[in-house]
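Spelled out, the chains give:
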Amino acid sequence: MTDFETDYRHAKPGQSGPGVVDYLDLDTKDQTFLDANELVLNMGPQHPSTHGVLRVILKLDGEKVLGTECVIGYLHRGVEKIAENRTYTMFNPYVDRMDYVAAVSNGLGYCEAVEKLINAEVPVRAQYIRVILTELCRIASHQVWLGTHALDIGALTPLFYCFRDREEILRIFEKYCGARLTTHAFRIGGCIYEAYDGFEQDCKKFCDAFLPKLDEYEELLTTNRIWVRRTKGVGILKPEDCIALGVTGPVLRAAGVKWDLRKAQPYEAYKNFDFDIPTGLNGDTYDRYLVRIAEMRQSVRIIRQAVDGLPSGPIMAKVPKVLKPPVGEVYHSIEAPKGELGYFIVSDGSTQPYRVRVRPPSFVNLQALDKMVRGLLVADVVAVIGTLDIVLGEVDR
Amino acid sequence: MAVPEETKEPNPVLPESSAATSANVAPAAASETRPEAKPAESVPAAAAPATGDKPAVAATTPAVAAAEAKPAAAPAAKPATPAAKPAPKPEAPKPEPWESEPVRRLKAQYGSGIKEASIYVGQKYLVVNSSIVYEILVRMNQDYLFDYCVDITAVHYPKREAQFDIVYILYSFKNNERVRIKTQIKDGETLRSACAIWPTANWLEREVFDMFGISFTGHPELKRILLPEDWKGHPLRKDYAILQQDGDWVKANLGIESGQ
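Residue numbers (our numbering), protein chains in the order written: chain Y, 9 to 405; chain B, 84 to 343.
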């Protein structure tokens with residue numbers, strides 16, 4: 009279960025001693041300190057550390073959190089309803105607007121789900137290009153997470169470092185498809201754009217330059233005393249709680265569950281690449297930080313292999329201009345930067361999907377917030393929201 | 084997919100009854116992976132004639148080569164879409180019966196309560212009676228180790244008598260297996276909440292309630308999740324138009340005539 013290959017010292021559950029963090033016992037009844045009155049405090053929706061328009065109603069005893077309630081929906085645009093009124097092709101750009109810091113992943117999941125429905129086989133070159141861009145996108149998404157998460161906790165510098173380096177990825181996206189954020193990079197059946205001249209060199213150059221920068225981030229944070237104090241033992245989620253709550257992605261892996269859809273149910277060309285699934289031990293905020301940092305290193309590994317092995321060939325499968333998938337239902341999910349991103353598509357044989365259901369990782373992961381922050385302090389709520397890595401555009405859709 | 088019930092739908096394409104499909108069973112299709120030959124093997128052969136060419140332009144030659152290089156090991160594989168010449172329209176994939184030990188046991192126990200057990204494009208699903216769906220979910224969780232409830236959602240078929248499909252997507256970490264449990268209910272009928280089995284069902288069921296107006300009994304706090312609590316209407320029902328909104332709510336709370 010636990011093969012975290014770094015030399016950072018971890019506390020093991022049940023151990024005690026200096027510097028070792030125990031699990032919080034969440035099952036014991038909270039005792040109100042000095043019988044003080046409960047205080048109900050509203051946090052958000054306009055709060056910088058809620059990463060968008062998340063409103064959390066906190067029930068407090070002094071600074072201790074007794075319970076929370078999330079109020080979401082401020083960014084609800086009815087994406088699933090829109091899908092029913094657009095053709096399969098027309099709906100493709102809309103999915104980029106859900107998790108807008110990882111738009112490429114959203115598009116990949118949707119295209120793959122429709123391809124499964126119409127039984128199209130994507131050419132290998134397109135698969136490789138998709139993998140490269142998706143992994144770049146994973147790094148970019150983790151960089152946004154790291155920058156904002158560190159900013160919430162009080163470290164200002166990582167934000168500038170991360171956004172500076174993310175710029176290189178966005179530049180590659182821009183050169184590839186003309187857009188930086190909502191890329192619409194993929195089409196149903198493959199990719200619409202051939203890799204531009206120098207795409208491989210750009211990716212390689214980015215990988216070479218990025219690894220030392222990742223070390224820089226780590227220098228700033230990994231052994232930083234304030235960072236460790238603020239994150240170690242904060243917001244612990246045990247593996248069984250993760251599974252019961254449906255939590256996926258780095259949060260699940262940080263709890264020690266070695267599960268990644270890229271390995272468990274490989275899609276695209278992921279089975280051709282050699283990479284590890286980093287896992288944590290304690291399932292606390294610090295481990296989630298380490299897991300995501302390690303994931304960025306793995307993404308670099310995948311990108312290098314994909315760029316080296318990029319085959320030639322067509323980039324688009326033969327798909328009809330007017331898509332009319334046969335009657336049927338398909339669920340397909342991918343490992344997005346935030347967890348399992350699934351699309352459940354029902355086709356009635358017409359040009360428009362009868363129903364598109366998005367299974368958003370952020371929405372499901374956010375449900376664990378209450379469990380994670382009970383018994384902690386208000387300042388830790390900020391840390392936990394950051395570590396969950398939610399994007400409200402995806403929570404609310 | 085419940086074929087007979089959906090015949091009232093205005094679907095232009097309808098699958099034949101599932102009995103006709105039993106000849107089409109491919110044992111390899113039982114896994115989650117696609118039944119076709121994976122493209123990895125056929126690529127070197129396909130890419131060879133395209134050396135030096137711009138890959139996008141050379142689309143025809145490699146695609147033909149790829150179609151020929153495909154091993155004949157998968158008889159159930161559909162004619163792949165990247166066939167370069169104008170091939171006859173590929174036949175629509177049909178659900179194949181899903182036969183396995185758990186399904187046999189469930190069928191023996193519940194009889195006609197299990198309406199359908201099929202595999203469609205490699206994905207397994209069960210259609211069960213709404214009265215036993217909770218029991219089936221418990222069995223799935225406890226006996227067959229589906230410990231992760233991926234998603235709960237609904238589909239609205241207004242012209243059908245049982246208007247709603249409720250879909251539970253389950254996953255088993257132990258067996259790396261996915262299954263969908265589907266049931267059909269009429270408008271106004273309720274289902275028992277799955278929160279006691281998987282706590283994650285809490286928000287998922289709230290969203291189904293919010294978007295479709297389907298109630299779940301035994302849910303700890305069944306209220307709207309994405310829309311305001313006093314909003315009228317359930318947007319993902321088919322009779323809710325795309326531009327429709329709760330005008331009174333918008334006027335009262337936003338102070339504007341219309342959000343459009």
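What the hints contain is simulated information worked out from the structure, not anything from laboratory work. Even glycine gets a Cβ: it sits at the ideal position worked out from N, Cα and C. Mixed in with the good hints there might be a few duds.
Per label pair, the in silico range of CB-to-CB distance [claimed, not checked]: (1) Y:79 x B:325: 38 to 44 Å; (2) B:196 x Y:186: 52 to 58 Å; (3) Y:90 x B:225: 48 to 54 Å; (4) B:335 x Y:227: 32 to 38 Å; (5) Y:70 x B:260: 44 to 50 Å; (6) Y:224 x B:270: 21 to 27 Å; (7) Y:179 x B:188: 32 to 38 Å; (8) B:325 x Y:171: 53 to 59 Å; (9) Y:305 x B:214: 47 to 53 Å; (10) B:273 x Y:77: 49 to 55 Å; (11) B:242 x Y:90: 38 to 44 Å.
Each hint, compared with the structure:
1. Y:79 x B:325: 38 to 44 Å: Given range 38 to 44 Å: violated, Cβ gap about 25 Å.
2. B:196 x Y:186: 52 to 58 Å: Since residue 196 (chain B) and residue 186 (chain Y) have Cβ atoms about 54 Å apart, the given range 52 to 58 Å holds.
3. Y:90 x B:225: 48 to 54 Å: violated, 39 Å
4. B:335 x Y:227: 32 to 38 Å: Violated: the Cβ-Cβ distance is about 54 Å, outside 32 to 38 Å.
5. Y:70 x B:260: 44 to 50 Å: holds, 47 Å
6. Y:224 x B:270: 21 to 27 Å: violated, 59 Å
7. Y:179 x B:188: 32 to 38 Å: Given about 57 Å between the Cβ atoms, the range is violated.
8. B:325 x Y:171: 53 to 59 Å: Taking Cβ atoms as reference, residue 325 (chain B) and residue 171 (chain Y) lie about 37 Å apart, which means the hint is violated.
9. Y:305 x B:214: 47 to 53 Å: holds, 52 Å
10. B:273 x Y:77: 49 to 55 Å: At roughly 24 Å between Cβ atoms, residue 77 (chain Y) and residue 273 (chain B) fall outside 49 to 55 Å, so the hint is violated.
11. B:242 x Y:90: 38 to 44 Å: About 22 Å separates the Cβ atoms of residue 242 (chain B) and residue 90 (chain Y), which means 38 to 44 Å is violated.
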